[in-house]
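Given chain R's structure and the hints, the job is docking chain E onto it.
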Amino acid sequence: MNDSNVSRRDLFKLIAAASATGALVPTHLAAAPPPLTRNFKNILSDPDYSNPAAPWDKPLVETELATLAVLVDLILPADDLSPAASAIGVHDFLNEWAGAPYPDNRADCEILRGGLAWLNTHAFQRHGKSFTALDAAQQTAILDSICDPAKSAPELAIGTRFFTKLRMLALGGYYSHSSTWKSLGYVGNAPIAGPYPGVPAEVIKILGLEGEI
Amino acid sequence: MALLTDRKSLREYDVIIVGSGAGGGMMGMLLSLNGVKVLMLEAGRNYDPVKETPMFHTPEQAPLRGKATPDRSFGHYDATVGGGWQVPGEPYGDKPGTQEDFWWWRPRMLGGRTNHWGRISLRFGDYDFKPRSRDGLGFDWPITYNELAPYYDKTEMMIGVYGSNEGLENTPDSPPGVLQAPPKPRAGEMLAKKHCRGLGIPVIPIHRAVLSERMDGTALAAKLFPNNPLARKLVAADMSARAACFWATDCGRGCSIRANFQSTTVLLPPALASGNLDIITDAMVREVLTDANGKATGVHYVDKLTRVDSIAKAKVVILSASTCETARILLNSKTALFPNGLANRSGQVGKNLTDSVGSWLGAHIPSMESLPPYNEDGAGGNHVYTPWWNYKTQEKLGFARGYHIEIGGGRGMPGMSSLGILNATSPGIYGKKLKEEARRYYGASMGFAGRGEMIPNEHCYCEIDPDRVDQWGIPILRFHWKWSDHEINQATHMQNTFADIIHAMGGKATPRPGREALNKPGEIIHEAGTARMGSDAKDSVVNSFGQTWDVKNLFLMDASVLPSNPDKNLTLTVMALAWRSADYLLAEMKSGNL
Numbered sequence: 001m002n003d004s005n006v007s008r009r010d011l012f013k014l015i016a017a018a019s020a021t022g023a024l025v026p027t028h029l030a031a032a033p034p035p036l037t038r039n040f041k042n043i044l045s046d047p048d049y050s051n052p053a054a055p056w057d058k059p060l061v062e063t064e065l066a067t068l069a070v071l072v073d074l075i076l077p078a079d080d081l082s083p084a085a086s087a088i089g090v091h092d093f094l095n096e097w098a099g100a101p102y103p104d105n106r107a108d109c110e111i112l113r114g115g116l117a118w119l120n121t122h123a124f125q126r127h128g129k130s131f132t133a134l135d136a137a138q139q140t141a142i143l144d145s146i147c148d149p150a151k152s153a154p155e156l157a158i159g160t161r162f163f164t165k166l167r168m169l170a171l172g173g174y175y176s177h178s179s180t181w182k183s184l185g186y187v188g189n190a191p192i193a194g195p196y197p198g199v200p201a202e203v204i205k206i207l208g209l210e211g212e213i
Numbered sequence: 001m002a003l004l005t006d007r008k009s010l011r012e013y014d015v016i017i018v019g020s021g022a023g024g025g026m027m028g029m030l031l032s033l034n035g036v037k038v039l040m041l042e043a044g045r046n047y048d049p050v051k052e053t054p055m056f057h058t059p060e061q062a063p064l065r066g067k068a069t070p071d072r073s074f075g076h077y078d079a080t081v082g083g084g085w086q087v088p089g090e091p092y093g094d095k096p097g098t099q100e101d102f103w104w105w106r107p108r109m110l111g112g113r114t115n116h117w118g119r120i121s122l123r124f125g126d127y128d129f130k131p132r133s134r135d136g137l138g139f140d141w142p143i144t145y146n147e148l149a150p151y152y153d154k155t156e157m158m159i160g161v162y163g164s165n166e167g168l169e170n171t172p173d174s175p176p177g178v179l180q181a182p183p184k185p186r187a188g189e190m191l192a193k194k195h196c197r198g199l200g201i202p203v204i205p206i207h208r209a210v211l212s213e214r215m216d217g218t219a220l221a222a223k224l225f226p227n228n229p230l231a232r233k234l235v236a237a238d239m240s241a242r243a244a245c246f247w248a249t250d251c252g253r254g255c256s257i258r259a260n261f262q263s264t265t266v267l268l269p270p271a272l273a274s275g276n277l278d279i280i281t282d283a284m285v286r287e288v289l290t291d292a293n294g295k296a297t298g299v300h301y302v303d304k305l306t307r308v309d310s311i312a313k314a315k316v317v318i319l320s321a322s323t324c325e326t327a328r329i330l331l332n333s334k335t336a337l338f339p340n341g342l343a344n345r346s347g348q349v350g351k352n353l354t355d356s357v358g359s360w361l362g363a364h365i366p367s368m369e370s371l372p373p374y375n376e377d378g379a380g381g382n383h384v385y386t387p388w389w390n391y392k393t394q395e396k397l398g399f400a401r402g403y404h405i406e407i408g409g410g411r412g413m414p415g416m417s418s419l420g421i422l423n424a425t426s427p428g429i430y431g432k433k434l435k436e437e438a439r440r441y442y443g444a445s446m447g448f449a450g451r452g453e454m455i456p457n458e459h460c461y462c463e464i465d466p467d468r469v470d471q472w473g474i475p476i477l478r479f480h481w482k483w484s485d486h487e488i489n490q491a492t493h494m495q496n497t498f499a500d501i502i503h504a505m506g507g508k509a510t511p512r513p514g515r516e517a518l519n520k521p522g523e524i525i526h527e528a529g530t531a532r533m534g535s536d537a538k539d540s541v542v543n544s545f546g547q548t549w550d551v552k553n554l555f556l557m558d559a560s561v562l563p564s565n566p567d568k569n570l571t572l573t574v575m576a577l578a579w580r581s582a583d584y585l586l587a588e589m590k591s592g593n594l
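As you go down the protein sequences, you meet chains R and E in turn.
Okay, so the first sequence: first residue is 1 according to this note's numbering, each after it adds one.
Okay, so the second sequence: first residue is 1 according to this note's numbering, each after it adds one.
In isolation and in its complexed conformation, chain R is listed as follows (with noise of 0.2 angstroms):
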């Protein structure tokens, strides 16, 4: 079965977040309730698609979030087809992430922030400064020994581990943004009269598939 793992207190922090005051308050001041029009208002397993705001918290503070920037940016910067990381946000969303009240999400939250604190520390003991203060060959140099773990020295395992973690949630972040689409080359989303025309000749042509319709 498929607990779901949203415990009591973001139970009560939903229910807040879906009645129409949007906070609790004492009952003797409350005026009289609004009627009830469903039986139990999860807005979870109910969403309401006009107003998506995740109902949990973001914990990474703005000093991390200034220190993911960086990273995603690394990560993700910017070219001619498509726009740098954090122009879209990526890190806020991590921050939404890390929030969730999910198995997957609590795991991810311990390692992103436990390894961008590594990251500073790391940064620190070799150049005296936090990450973000370093220049961008520093900061690169640190990220190629830890960017591949087939490759990474055994001491720098955590940081391994993060970067690792974070290059994949970067990439889902990044390419699951709409604003990236064109430049991956995904062109759906939008509507076609009549029949579906199917595949472009061009396509045919490359994968050899003439006379297969």
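Once the Cα atoms are required to be at most 25 angstroms apart in a straight line, the calculated PhoX-like pairs of lysine-lysine come out as: (1) R:K151 x E:K432; (2) E:K433 x R:K182; (3) E:K590 x E:K313; (4) E:K432 x R:K165; (5) E:K194 x E:K392; (6) E:K508 x E:K193; (7) R:K205 x E:K194; (8) E:K193 x R:K205; (9) E:K194 x E:K184; (10) R:K182 x E:K184; (11) E:K432 x R:K182; (12) E:K433 x R:K165; (13) E:K315 x E:K552; (14) R:K205 x E:K508; (15) E:K194 x E:K508.
In case anyone wonders, no lab produced these hints; they're calculated from the structure.
Using the frame of chain R, we list chain E on its own:
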């Protein structure tokens, strides 16, 4: 579309239908279009797909980019309200000694699971109705394919199904003019077809309940309801108002333009327009009520909004609550006359529970890297599939029944895990080079999902847990499960076949042993069999019309009545059976037999 959700209702109806999904929706439409006063009770909330469907919403508009979570098993935008494999406040359990924990999927919304299903609509074939006669296992149906075929025709015309007629063994064709044209295949589907040919594996257009063209409502309604002016008028108008697919957005979100089939978009609107159907939502049915003669008189339900117990009365009661919920209601309807639960003199209620056998294997296909982009959204689901192709060699395979293959992949809407493959293909890479890698690998993966027939066995059943009730005070179900070698060996065969196809396409994949690769029981959400039909009251619950042997005015109309669970997804057959039952029920009501 106005849906009645207030509590005003008649004192007594002709028919009460419990559930608003495929079976209940079809029954409700056909009866109300024939002047029968129907009350439908739905355990979930009202739901309007025209207003509530997130058609073009993008992942960044959703929490966690819309990914699947324990609260939203198929992602944020899936058309499932208030449920999933867990419904808050409505638990179920595992019976001690079970080999596997069963997953029970329940939405709590008008239209039930028809709002999010895959729309795969495959007719069962000749063999599927007589499995025991062929291999000595499971149960034969009390009807043949030919007896149900006219109702498959009608159902396909009513809901709109695309597909083709290929004349393959045990894969029935539809008569000319019934199916709509299938959409052209996508690149990966064509590539799979090309390479499957060398393996002797057919790949043909799949049948799905999606409109590839607008319906000619007037012509179709005239064929479906030649002698019923009201039905002709209402169905014609409603059919003609449905749009054709515009080849965008996943069908699992539901469809605000009503291009795919949902009970809420196709069956309930004409039913409500007739003025003969009332619907009460948020009504959790606890039990069927019977009189001293053992005749059904109505149902006892809990109004979820007020938590007040209520009674609704009718001359006929139809349970279309879903395979397991229908069994639960029957087992909870105990009286002195029916000490083991209603309509359970055979002892078969809750037994013979099956789900489709599922397993999946996918891989990167190098020849699909860096292809020129084009729009592959298509019909929001599969365009092609592989029907079971080994009937001639079945006896040598080590499992008795077949499976079909659902072929997917390519350039779908990017989500959180769409580039997960880069973890393996591109270690250590970041910066601009990583973006190049993303462009190279995006869309270059294909996956193969097997959906196979499970044979009912004595170890797979649900029953009432003697110790627990849900938040409405209703005793809950607990499940017992054990796969047989037929399912395990079938899953192994799936894995080996998928690996062969992937290798032929130029990819690499390692098949897993069947026991390991099998999806969880209940995970494929094709439960069937808990109140099976038969030709003898001694060992079955209902006759071929879904009429219970023990209570003449009690009908079951969902997948609980299916004696077997072929690889061909159940929904189309549930609706065809409902149509056949509706004809019977109308005739019986007219002649005063009920």
